[in-house]
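Peer 1: Residues per chain are reported as follows:
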Amino acid sequence: EAGVTQFPSHSVIEKGQTVTLRCDPISGHDNLYWYRRVMGKEIKFLLHFVKESKQDESGMPNNRFLAERTGGTYSTLKVQPAELEDSGVYFCASSRKGRIYGYTFGSGTRLTVV
Amino acid sequence: GDSVTQMEGPVTLSEEAFLTINCTYTATGYPSLFWYVQYPGEGLQLLLKATKADDKGSNKGFEATYRKETTSFHLEKGSVQVSDSAVYFCALSDQNSNSGYALNFGKGTSLLVTP
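The listed protein sequences derive, respectively, from chains A and B. My numbering runs 1 ahead of the 1-based position in the first sequence. Numbering follows my numbering, in which position 93 of the second sequence is assigned residue number 92; successive positions increment by one, without gaps.
Hints listed in this document are in silico derivations from the structure and should not be mistaken for laboratory results. Among these hints, one or two may not hold up.
Beta-carbon label-pair distances, calculated as ranges [as the list claims (entries may be wrong)]:
id : chain 1 : residue 1 : chain 2 : residue 2 : range
1  : A       : E53       : B       : E15       : 34 to 42 angstroms
2  : A       : G41       : B       : G0        : 15 to 23 angstroms
3  : B       : R66       : A       : P62       : 43 to 51 angstroms
4  : A       : E84       : B       : A16       : 40 to 48 angstroms
5  : B       : R66       : A       : S10       : 17 to 25 angstroms
Note that this is a predicted model, so its numbers are computed, not measured. Glycine included, C-beta positions come from ideal geometry on N, C-alpha and C.
Model the full assembly from the supplied sequences, consistent with the hints where possible.
Peer 2: What follows is the structure, encoded as structure tokens:
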């Protein structure tokens, strides 16, 4: 099966601009997660979708971040306006319903805000 | 809250050396424990897991034992290869926590194995 696909793989934007990251999960995976790794720090949970519903968004840093998963397929994560501290690697993962051990991660999007 | 602490890197070893990467955790419930690996240019991959105390996870020559008494899940390999060069992340998932199936990661340990 195809893996989790994220794009772009890299993005460099100026402070104040808007960026949208996309994640295509494995087909049939109801669960979709976003994580972020800021340089030198832990990978942090951002949010969890079950199909198109936000199950848990407790990790979203602030209201400049908006995640959507229309139709329960792919997901987007928009940062508007971007700040310097948003730089990092954004990972997406998916898993089947009820499978906490079956996460498959994408390769990540490296976001640099200058 | 739940947290994971792993040894800082980078770790540099010669091929065939013994590897230990320390990982300790704090959790309010009964977490499952994981080691993930990220090879250069790739996504995170599950390396091994353990779901209850005294379980041993193993894969590709790597092992880790879930030690509840010391709240540890140290990663070991008896003889590393150049191809093991990667970043290793210890993680836990506590289904009893508010974040459900979310993973809590350590900061990652970079391993470089030289010929």
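Peer 1: Taking the numbered hints from earlier one at a time, note which ones the structure violates and give those numbers from smallest to largest.
Peer 2: The structure conflicts with hints 1, 3 and 5, although it agrees with all the remaining ones.
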